[in-house]
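Same order as they appear, the protein sequences are chains A, B, C and D.
Heads up: the first sequence begins at 1 in this note's numbering, then just goes up one per residue.
Heads up: the second sequence begins at 142 in this note's numbering, then just goes up one per residue.
Heads up: the third sequence begins at 283 in this note's numbering, then just goes up one per residue.
Heads up: the fourth sequence begins at 424 in this note's numbering, then just goes up one per residue.
Treat the hints as calculated values from the structure; they're not laboratory data.
Be a bit skeptical, because a hint or two may be false.
What the hints assert, rightly or not - Each computed BS3-like pair below joins lysine-lysine, with the alpha-carbon atoms no more than 27 Å apart:
id, chain 1, residue 1, chain 2, residue 2
1, C, K407, C, K357
2, C, K407, D, K498
3, B, K206, A, K87
4, D, K431, D, K561
5, C, K347, C, K290
6, B, K266, A, K75
7, A, K65, B, K279
8, B, K228, A, K65
9, B, K216, A, K8
10, A, K75, D, K548
11, B, K228, B, K266
12, B, K206, A, K75
13, A, K87, A, K8
14, B, K228, B, K149
15, C, K420, C, K290
16, C, K357, B, K266
17, D, K498, C, K347
18, C, K357, D, K548
19, D, K561, C, K347
20, A, K87, A, K65
21, C, K369, C, K347
22, B, K206, A, K65
23, D, K488, C, K347
24, A, K125, D, K498
25, D, K561, B, K216
26, D, K488, C, K357
27, C, K357, A, K75
28, C, K290, D, K488
29, D, K510, C, K347
30, A, K65, B, K149
31, A, K125, A, K8
32, D, K488, C, K369
33, A, K75, A, K125
34, B, K266, A, K125
35, B, K206, B, K228
36, C, K290, B, K216
37, D, K548, D, K488
Claimed, not checked - Simulated restraints, written as ranges between beta carbons of each label pair:
id, chain 1, residue 1, chain 2, residue 2, range
38, C, D404, B, V233, 47 to 57 Å
39, B, R232, A, Q79, 33 to 43 Å
40, B, P271, A, E88, 36 to 46 Å
For glycine and all other residues, C-beta sits at the position ideal for the given N, C-alpha and C.
Protein chains: 4
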Amino acid sequence: MNDSSAGKAFELPIRVYIEDTDAGGIVFHAKYLHYMERARTEWVRSQGVGLRAGLEHNISYVVQKMNLHFRAPAKLDDQLLVTAELKEASRVWMGFRQRVFGAEDRRLLCEADVRVACIALDTGKPRRLPENMQQILKNFI
Amino acid sequence: MNDSSAGKAFELPIRVYIEDTDAGGIVFHAKYLHYMERARTEWVRSQGVGLRAGLEHNISYVVQKMNLHFRAPAKLDDQLLVTAELKEASRVWMGFRQRVFGAEDRRLLCEADVRVACIALDTGKPRRLPENMQQILKNFI
Amino acid sequence: MNDSSAGKAFELPIRVYIEDTDAGGIVFHAKYLHYMERARTEWVRSQGVGLRAGLEHNISYVVQKMNLHFRAPAKLDDQLLVTAELKEASRVWMGFRQRVFGAEDRRLLCEADVRVACIALDTGKPRRLPENMQQILKNFI
Amino acid sequence: MNDSSAGKAFELPIRVYIEDTDAGGIVFHAKYLHYMERARTEWVRSQGVGLRAGLEHNISYVVQKMNLHFRAPAKLDDQLLVTAELKEASRVWMGFRQRVFGAEDRRLLCEADVRVACIALDTGKPRRLPENMQQILKNFI
Numbered sequence: 001m002n003d004s005s006a007g008k009a010f011e012l013p014i015r016v017y018i019e020d021t022d023a024g025g026i027v028f029h030a031k032y033l034h035y036m037e038r039a040r041t042e043w044v045r046s047q048g049v050g051l052r053a054g055l056e057h058n059i060s061y062v063v064q065k066m067n068l069h070f071r072a073p074a075k076l077d078d079q080l081l082v083t084a085e086l087k088e089a090s091r092v093w094m095g096f097r098q099r100v101f102g103a104e105d106r107r108l109l110c111e112a113d114v115r116v117a118c119i120a121l122d123t124g125k126p127r128r129l130p131e132n133m134q135q136i137l138k139n140f141i
Numbered sequence: 142m143n144d145s146s147a148g149k150a151f152e153l154p155i156r157v158y159i160e161d162t163d164a165g166g167i168v169f170h171a172k173y174l175h176y177m178e179r180a181r182t183e184w185v186r187s188q189g190v191g192l193r194a195g196l197e198h199n200i201s202y203v204v205q206k207m208n209l210h211f212r213a214p215a216k217l218d219d220q221l222l223v224t225a226e227l228k229e230a231s232r233v234w235m236g237f238r239q240r241v242f243g244a245e246d247r248r249l250l251c252e253a254d255v256r257v258a259c260i261a262l263d264t265g266k267p268r269r270l271p272e273n274m275q276q277i278l279k280n281f282i
Numbered sequence: 283m284n285d286s287s288a289g290k291a292f293e294l295p296i297r298v299y300i301e302d303t304d305a306g307g308i309v310f311h312a313k314y315l316h317y318m319e320r321a322r323t324e325w326v327r328s329q330g331v332g333l334r335a336g337l338e339h340n341i342s343y344v345v346q347k348m349n350l351h352f353r354a355p356a357k358l359d360d361q362l363l364v365t366a367e368l369k370e371a372s373r374v375w376m377g378f379r380q381r382v383f384g385a386e387d388r389r390l391l392c393e394a395d396v397r398v399a400c401i402a403l404d405t406g407k408p409r410r411l412p413e414n415m416q417q418i419l420k421n422f423i
Numbered sequence: 424m425n426d427s428s429a430g431k432a433f434e435l436p437i438r439v440y441i442e443d444t445d446a447g448g449i450v451f452h453a454k455y456l457h458y459m460e461r462a463r464t465e466w467v468r469s470q471g472v473g474l475r476a477g478l479e480h481n482i483s484y485v486v487q488k489m490n491l492h493f494r495a496p497a498k499l500d501d502q503l504l505v506t507a508e509l510k511e512a513s514r515v516w517m518g519f520r521q522r523v524f525g526a527e528d529r530r531l532l533c534e535a536d537v538r539v540a541c542i543a544l545d546t547g548k549p550r551r552l553p554e555n556m557q558q559i560l561k562n563f564i
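Kindly generate the complete structure, drawing on both the sequences and the hints.
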């Protein structure tokens with residue numbers, strides 16, 4: 001158990017730009033998937049794992065399942081906090097709980113359960129999580 | 142019951158462009174939400190309802206919930222078929238079943254249940270589906 | 283000179299979806315680059331060349347220069363026509379003139395000169411346009 | 424002349440995520456426009472001006488012209504620096520010089536001249552830059 005990381009959700013600050021909004025005046029719903037993917041990426045980076053290095057070793061990650069609840073809209077200029085919390089894992093996938101909050105009032109805007117599978121980049125077939133990722137998982141689950 | 146439309150899922154052909162792909166060589170997962178939103182939009186348009194006309198009358202639609210299963214990746218140049226099938230509705234929301242197929246082999250790539258709520262554009266608060274949309278729903282549910 | 287294609291700009295119909303718009307109520311400016319890229323892609327496809335097949339042979343295309351003039355905004359639900367017209371070429375690049383029109387009134391919304399270079403996918407270095415592309419260019423310039 | 428800000432280009436660090444890349448393994452060209460728009464937004468924010476507050480007062484900004492040179496590709500996980508430097512202005516528009524660098528080696532990846540016009544949100548017609556923006560311009564030009 002890694003005391004410094006266990007039990008806390010990783011949190012990434014993200015600003016809402018005009019590119020993220022739509023003619024309804026709010027953040028386009030698909031953009032929350034971008035935000036969540038950035039948070040997962042920064043979490044693995046904070047653990048010493050880079051996605052590009054993975055691709056160079058034929059390792060890629062794909063979202064397999066997502067269960068999303070959009071609770072309240074984010075708007076232009078909003079400062080958000082996006083979490084990534086590892087909840088479960090198998091030999092080939094990781095299960096995250098992710099949430100998007102308004103940074104000021106900690107209001108919950110969106111939440112999701114996300115399953116990310118590891119695949120071989122060339123074949124697209126599932127493969128075992130690489131050694132460095134397995135070591136990280138041990139500190140979180 | 143409208144014989145011409147009932148029982149069939151609306152289907153929109155969509156081409157995969159380089160903008161839709163990522164460094165993993167496949168369509169970025171959030172893009173399927175764009176594809177599904179386009180299919181819902183074209184379905185309502187095929188029923189005579191335009192989104193922009195709605196905005197001009199303070200009517201907007203937002204995705205509230207999505208349950209997604211990404212089954213197989215789409216790739217650059219692929220021709221897809223994206224369905225939108227109304228499954229249920231309340232006074233303020235519609236529930237769709239949506240699927241993304243490869244056009245050639247009818248292989249299922251992605252499927253989702255999507256709940257879309259009607260809101261007032263200015264306040265963001267839920268409101269009753271407008272009269273024209275309610276009439277359409279009667280033909281499908 | 284190929285009479286059937288010379289002297290006419292290739293034209294692709296594109297619909298504006300909510301994903302394309304921003305909180306200013308108009309199409310986000312970067313989206314026109316997507317539209318233009320789609321038009322170039324469909325033009326080469328209409329000439330028998332697929333981008334994915336190119337990637338599989340280590341051939342990729344990148345935009346090197348763009349000179350854009352945004353004249354009037356497109357809006358949600360608008361039907362557009364996006365042109366791609368080959369104007370010049372060297373051994374390693376192609377120069378296009380592209381325009382975005384409103385489909386109904388043929389109003390010019392955006393125009394651009396675009397230089398697209400051919401590169402080797404693995405090294406990123408410029409390379410000669412492949413044989414099939416060179417043959418196509420002969421019909422247009 | 425404001426000594427603290429004059430003569431220096433505003434600089435925003437931006438990370439490249441998988442969403443920004445395409446099947447060619449590099450950042451999709453249109454994404455640089457997003458990066459540049461973020462840098463302009465953070466520059467005005469650093470001067471005390473928020474875009475959302477503008478929209479609420481019927482003030483919007485649109486890109487009118489862009490002259491882009493894509494020099495070298497950014498890739499997944501790259502850390503970038505994106506500049507925004509005000510070069511000229513009229514009563515209704517501002518002209519920026521913008522550049523995208525690799526953060527580590529300060530290699531120039533993309534550069535652009537960008538003209539941004541002020542418009543009335545409701546009519547889309549050009550309007551005088553608001554008072555707070557005019558005050559800012561005095562410190563930079």
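Subject >> Hints that the structure is at odds with (numbers, increasing) >> reply: 1, 7, 9, 19, 25, 31, 33, 34, 36
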